[in-house]
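In order, the protein sequence lines correspond to chains A and B. Heads up: take any position in the first sequence, counting from 1, add 1, and you land on our numbering. Heads up: take any position in the second sequence, counting from 1, add 43, and you land on our numbering.
Worth double-checking, as some hints may not be accurate.
Claimed, not checked - Now the in silico label distances, taken between C-beta atoms and shown as ranges:
#, chain 1, residue 1, chain 2, residue 2, range
1, B, K45, A, Q89, 37 to 43 Å
2, B, L300, A, V16, 50 to 56 Å
3, A, G131, B, Q356, 45 to 51 Å
4, A, G105, B, F59, 51 to 57 Å
5, A, F253, B, K404, 54 to 60 Å
As the list claims (entries may be wrong) - So these bits of chain A aren't anywhere near chain B, every CB distance computed over 10 Å:
#, residue
6, T51
7, R75
8, S86
9, G136
10, E245
11, P252
By construction, these hints were calculated from the structure, which means they are not laboratory data. These numbers come from a predicted model, not from an experiment. Glycine is no exception: its CB is placed at the ideal position from the N, C-alpha and C atoms.
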Amino acid sequence: MSISVSNISKSYKNVTALQDISFEVKKGELFGLIGPDGAGKTTLFRILTTLLFADKGSAIVANYDVVKDYKSIRNSVGYMPGKFSLYQDLTIEENLNFFATIFGTTIEENYDLIKDIYIQIAPFKDRKAGKLSGGMKQKLALCCALIHKPEVLFLDEPTTGVDPVSRKEFWDMLKRLQKKDITILVSTPYMDEAELCDRIALIQDGKILEIDTPESIVKHYPKPIYNVSANNMYQLINSLNAYEFNHSVYPFGEFVHYTDSRTDFNPEDLKAYLKTKKLSNIAIEITKATIEDTFMELAK
Amino acid sequence: MKRFIGFIKKEFYHIFRDKRSLFILFGMPIAQILLFGFAITNEINNVDIAILDHSKDATTKEIIAKIAASEYFSIKQIIEKESDIESIFKKGKVKAVLNFEKDFSKNLIKENKASIQIITDATDPNTANTISNFVNAILQKYQKQLNKKITIVYQIIPESRMIYNTELKSVYMFVPGVMTIILMLVSAMMTSISITREKELGTMEILLVSPLKPIQVIIGKVFPYIFLSIINAIVIVLLSIFIFKMPVQGSLFLLGLESVLFIISALALGILISTVSETQQTAMMISLMGLMLPVILLSGFIFPISSMPFPLQVISNIIPAKWFIIIIKAIMLKGVGLQFVWKETLILLGMTVFFIALSVKKYKIRLE
Numbered sequence: 002m003s004i005s006v007s008n009i010s011k012s013y014k015n016v017t018a019l020q021d022i023s024f025e026v027k028k029g030e031l032f033g034l035i036g037p038d039g040a041g042k043t044t045l046f047r048i049l050t051t052l053l054f055a056d057k058g059s060a061i062v063a064n065y066d067v068v069k070d071y072k073s074i075r076n077s078v079g080y081m082p083g084k085f086s087l088y089q090d091l092t093i094e095e096n097l098n099f100f101a102t103i104f105g106t107t108i109e110e111n112y113d114l115i116k117d118i119y120i121q122i123a124p125f126k127d128r129k130a131g132k133l134s135g136g137m138k139q140k141l142a143l144c145c146a147l148i149h150k151p152e153v154l155f156l157d158e159p160t161t162g163v164d165p166v167s168r169k170e171f172w173d174m175l176k177r178l179q180k181k182d183i184t185i186l187v188s189t190p191y192m193d194e195a196e197l198c199d200r201i202a203l204i205q206d207g208k209i210l211e212i213d214t215p216e217s218i219v220k221h222y223p224k225p226i227y228n229v230s231a232n233n234m235y236q237l238i239n240s241l242n243a244y245e246f247n248h249s250v251y252p253f254g255e256f257v258h259y260t261d262s263r264t265d266f267n268p269e270d271l272k273a274y275l276k277t278k279k280l281s282n283i284a285i286e287i288t289k290a291t292i293e294d295t296f297m298e299l300a301k
Numbered sequence: 044m045k046r047f048i049g050f051i052k053k054e055f056y057h058i059f060r061d062k063r064s065l066f067i068l069f070g071m072p073i074a075q076i077l078l079f080g081f082a083i084t085n086e087i088n089n090v091d092i093a094i095l096d097h098s099k100d101a102t103t104k105e106i107i108a109k110i111a112a113s114e115y116f117s118i119k120q121i122i123e124k125e126s127d128i129e130s131i132f133k134k135g136k137v138k139a140v141l142n143f144e145k146d147f148s149k150n151l152i153k154e155n156k157a158s159i160q161i162i163t164d165a166t167d168p169n170t171a172n173t174i175s176n177f178v179n180a181i182l183q184k185y186q187k188q189l190n191k192k193i194t195i196v197y198q199i200i201p202e203s204r205m206i207y208n209t210e211l212k213s214v215y216m217f218v219p220g221v222m223t224i225i226l227m228l229v230s231a232m233m234t235s236i237s238i239t240r241e242k243e244l245g246t247m248e249i250l251l252v253s254p255l256k257p258i259q260v261i262i263g264k265v266f267p268y269i270f271l272s273i274i275n276a277i278v279i280v281l282l283s284i285f286i287f288k289m290p291v292q293g294s295l296f297l298l299g300l301e302s303v304l305f306i307i308s309a310l311a312l313g314i315l316i317s318t319v320s321e322t323q324q325t326a327m328m329i330s331l332m333g334l335m336l337p338v339i340l341l342s343g344f345i346f347p348i349s350s351m352p353f354p355l356q357v358i359s360n361i362i363p364a365k366w367f368i369i370i371i372k373a374i375m376l377k378g379v380g381l382q383f384v385w386k387e388t389l390i391l392l393g394m395t396v397f398f399i400a401l402s403v404k405k406y407k408i409r410l411e
């Protein structure tokens, strides 16, 4: 096991950040913590990276105890905090060099590890980090967290504030790193990224709702789910919310994801109902549940 | 060691890329020393005065001529009646009025006694005092001349001599003070700001989750400032020697050692401040209010400690700057060696060790 967390609880003055959290991450696994802002993800990262003490429970990272052996952990993990935390007045190259030196290594030594990522930002290597775009900043931060070939990599919301293209590139890189036997714990508020992880934990209000592979989590969605669309989105949502048999109504892009509380649901009934609400172009199609649907269902 | 050097290199990048901190580091010492040396001064030079001469005889003319000849005074106006005194002061044209009584010579010869009134504008008490002293001195000198031939029995002649700063140049007073302020400012404020900046920007989080030991981070942070503070101290001493012709009587080596000691104590204070403040602004406010004000007000730099109320005198003892000013004044102006300032040095050393111990103990290896 690369990470093993057992019964961790943590509270600040009068807010409970984490409640009795337990999970394990296997070596070489890409494990995602999925949850909205304020779910306790950052607190958990800080406990695992020895920056905070847990109130209760224990955790082992790379075979070291996070409290007793904090020094060994600090030698063997890479950490990329949620907030951009590099030196803005240093250039890309200087930042990278600095982090290589304080970890007692050089860029050349582990260049193969960061090569794929570094190549993309190398043309700007003399630019100051503060002047980089969001995506480039994250790539640089990832390089800096990787430069000492850590056993476990902690990435706290690495793609928040990054454009969709860069986000995709970023996840491709994580996939490649995983092949190099690096265990990765990554947190994200984006449900679509969850599907790219080996296993995910859905977390909300300091509690883990479910841990499984993305496929099984989706499979366990209890009800058939429908894409509903009509000419007037706003009117559609209002009408669905007012429908007496609705179980859940969530806007999802150009559709509304709808589930019905009855077991013998017939889409035609709904269509008839919506027509009475003066909606036209009504389409109702069965669709596959997404992680977001599952999350919403579990968080209910 | 390699890690350490890498860290220091990074610190120098920060310092040299931040125009503001560079300005504080090097602009301020020079500006301050020139300001204190030239503009803010207790010396009097060509002070404008007015004369009210009721007798207008040979003696008064001679005295007036002597006063006019001195470099300290220039006679701005001759007034004719008592009522003009008030108005001329109110206009702020002159700092002092010399009022010679009627029949000055006659009285002097007949009764062996004549009087002259020195009226000074005491809105600036220091200058008023100095003016009256200087006028007195000129009169004394003149009196002596008159009495040359006559011998008076039982005469007590007070002869005061100012030593160590014979010319009573205030710049000699200010250089040690300014040096203290600057070293304190650069060392304590800049270190506390540079450490809290890492906290504020979140980079401290990464430094903590790295193999760097706390002591390496602390020393790496303060080392550049030790170096820069020493350069500053050298610049200040050079400026005072070459621009203000201030003699450094004692050993420069000892002066350097004592300065390094003081710099280290200020750096330790800076680290201490950074452990209790979360943002750069707090760090700056604490440094300014908690360090600069006491250094300026309670160290004896501007206000003599002996004339402070007793409680403040007691408080002044815990201010490192007080001891450092005593030490460097002794070395620069009196030219004494360590055997005369060992006690102050020991106190400063004790404080330094205490601050370092406290700041290392308070330095957080985690975020809470």
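For G136 of chain A, is the shortest beta carbon distance to chain B beyond 10 Å? holds (19 Å)
Would you say R75 of chain A is clear of chain B, with no C-beta pair closer than or equal to 10 Å? The assertion about R75 of chain A is violated, with a minimum of 5 Å to chain B.
Given the range 51 to 57 Å, decide if the beta-carbon distance of G105 of chain A to F59 of chain B lies inside it. Because 26 Å falls outside the window, the suggested range is violated.
Once the closest CB in chain B is found, is it more than 10 Å from T51 of chain A? Non-interface label fails for T51 of chain A: nearest chain B Cβ at 7 Å, not farther than 10 Å.
Cβ distance range 37 to 43 Å for K45 of chain B and Q89 of chain A, holds or violated: violated (24 Å)
Satisfaction of the hinted span 50 to 56 Å by the C-beta atoms belonging to L300 of chain B and V16 of chain A: holds (52 Å)
Could you say whether the range 45 to 51 Å given as a hint is met by the Cβ separation of G131 of chain A and Q356 of chain B? Given a distance of about 49 Å, which is inside 45 to 51 Å, the answer is holds.
Do the beta carbons of F253 of chain A and K404 of chain B sit within 54 to 60 Å of each other? holds (55 Å)
Beyond 10 Å from every chain B Cβ - status for E245 of chain A: E245 of chain A is indeed farther than 10 Å from all Cβ atoms of chain B, at 50 Å.
Consistency of the no-contact label for P252 of chain A, given chain B and a CB cut of 10 Å: holds (34 Å)
Run the C-beta distances from S86 of chain A to all of chain B and say if the shortest one exceeds 10 Å. The claim is violated: S86 of chain A sits with its nearest Cβ about 4 Å from chain B, within 10 Å.
This entry does not satisfy hints 1, 4, 6, 7, 8, going by the numbered hints stated previously.
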